[in-house]
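Visitor: Assemble the dimeric complex from its two separately framed chains, guided by the hints.
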Amino acid sequence: MDRREFLSELGSRLNGLPKNDIEERLNFYDEMISDMTDDGLTEEDAVTKIGSVDDIATQIIGDTPIVKLVGEKIKPKRHLTALEIILIVLGAPIWIAVLCSLSAVVISVYCVLWSVIISLWAVFASLIVGSVGAMLYGIVVIVGGAAGAGTIFIGAGVLCAGVSIFMFFGCRAVTKGIIYLTALFALQIKKCFIKKEVER
Amino acid sequence: MDVQLKRGLMDVCVLSAIKNDESYGYKMIKDMAPYIEMSESTLYTVLKRLETANMLTVRAAEHNGRLRKYYKITDMGMNRIAEFMDDWQQIMSIYRFVTKEDTTNG
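So the protein lines, in turn, are chains L and W. In terms of the working numbering, the first sequence has 134 at position 134, counting the first letter as 1, and numbering is strictly consecutive. In terms of the working numbering, the second sequence has 11 at position 11, counting the first letter as 1, and numbering is strictly consecutive.
One chain only, chain W, in its complex shape (with noise of 0.2 Å):
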């Protein structure tokens, strides 16, 4: 897959991770599995830079005595996801004429 399509999709991905509630890193990646897997190094990255974009807030509490990093979603994340979705519909009708075609070729 092309990579910058690959990092916006995870972009989104994580964002959608957390968009209902705050999350931590392992429950995302548990959350996502069955839709795409993701290495806890790729996790560390994409939080990296959509914290940089500020669409996503980090703070640390205090669970089972260790100290536990949440991500909480921000307006701009959420922006995002809705950017994403309005993306997808073109790419969707792309998608629809592309496989148009391959029926009347083939």
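Okay, chain L solo, but in the shape it has when bound (with noise of 0.2 Å):
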């Protein structure tokens, strides 16, 4: 792939993105490429050594913050026409209900993910507490004169404490695995706005 090629596949790649992002991203590969070939590198050889279009325009988009692809997709290309605006004006019932709707699903996804996690670590706490609890209330069991329900309720406790600290390795797992999966889901979400631009 020479010069030409890859800025042309990775200006494309970028489509969505404001104007002048694009326009600066692509500058500071040229002026990169340039600078190695002027240290001998072939052209292809430098494209080479900065890197697949494919990494790069991932880690581009994650770095954008997606307010950003927003503004950029509902911002008009060129000026309205009167009869556009009254449709968009008459429309509004229509269009602001599935932006909302839309917005929810996107929330709601956020708010199940992290529920998940809420609940797993409530589980974990309640586990300490009620082992921690029942251990107490044995020892006042055994004072009490009761030493075998005693025994019992220590041996619960010693159960659930067993029980929570394999879940508390397990729920870290999750966690980790959860806030992964969101951030899989943020750049999946941001790769939508890019790839409708480039379809048109």
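Bear in mind the hints are in silico, worked out from the structure with no lab data behind them. Hints are not guaranteed to be accurate.
Here are the computed lysine-lysine pairs in the DSS-like style, where the Cα-Cα straight-line distance is at most 27 Å [claimed, not checked]:
(1) 69/W with 49/L
(2) 19/L with 69/W
(3) 19/L with 48/W
Guide: Next up, the structure:
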């Protein structure tokens, strides 16, 4: 892949970002390639050294705030005609509703993911509280004279403590996984904005 | 490495690459290469962040019939490096404590 192919490929993959941002990025890589070729590298080697367009585009999209992507998407590319403005106003009950429901879907996905995390840790916390409570109560019962019942309470407390230790590692792994998932989810949403622009 | 820590270290690395004299992207990557491998995309993100934070200024100048961007450190950027040196003293003393614990246990 030579410089021209690399830059045009990257440019089209970033379609959907503000024009200035794309231009600045492309100028940056163009300057890099020029400096590398001045340094003795061939154009192909320079492009290879910079990395795959795929990786670079993904990193750039990940670094760009979603507000910027949405802003660019809804910004009109030319002046709207009077008819279009009237249609937008008349269509407001529909598109506002659709927009609201789409946002609600996104927010609810986040809520579901986070509630899984919260509920897991809540179970973990209740196990710990339960285990401490059962052991203390067991001691009270033993002191009160009922050694058998007290021992059962202490045993239950130790069991809860044991389960909670296992659960801690499980909860931590699940939390990490879900945080990774939400990041992936955000990247996918951002990519939706990019893709639609390219298809046009 | 912790993301936040790595980000801070990369900022200081890039600032150090221009602390004596202004420089340009490719030269910065080459100067940093023996110490830290930084991709072009990462450098771009760091430069943008530092520019927004007023830690460096950018100017375009002609070179070999094309435009090249030169980055110059500001006083705020110099302060950031000084801050890092102070922080590092504390980190080193913590490091010494951590490694001391290692030898007593092992």
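Visitor: Has the given pair, residue 19/L with residue 48/W, been kept, meaning a C-alpha gap of at most 27 Å?
Guide: holds (16 Å)
Visitor: For the pair supplied as a hint, residue 69/W and residue 49/L, is the alpha-carbon distance within the 27 Å limit?
Guide: holds (20 Å)
Visitor: Hinted pair, alpha-carbon criterion (27 Å max): residue 19/L, residue 69/W. Please report holds or violated.
Guide: Status holds; Cα separation ~19 Å.
The structure is consistent with each of the numbered hints, conforming to all of them.
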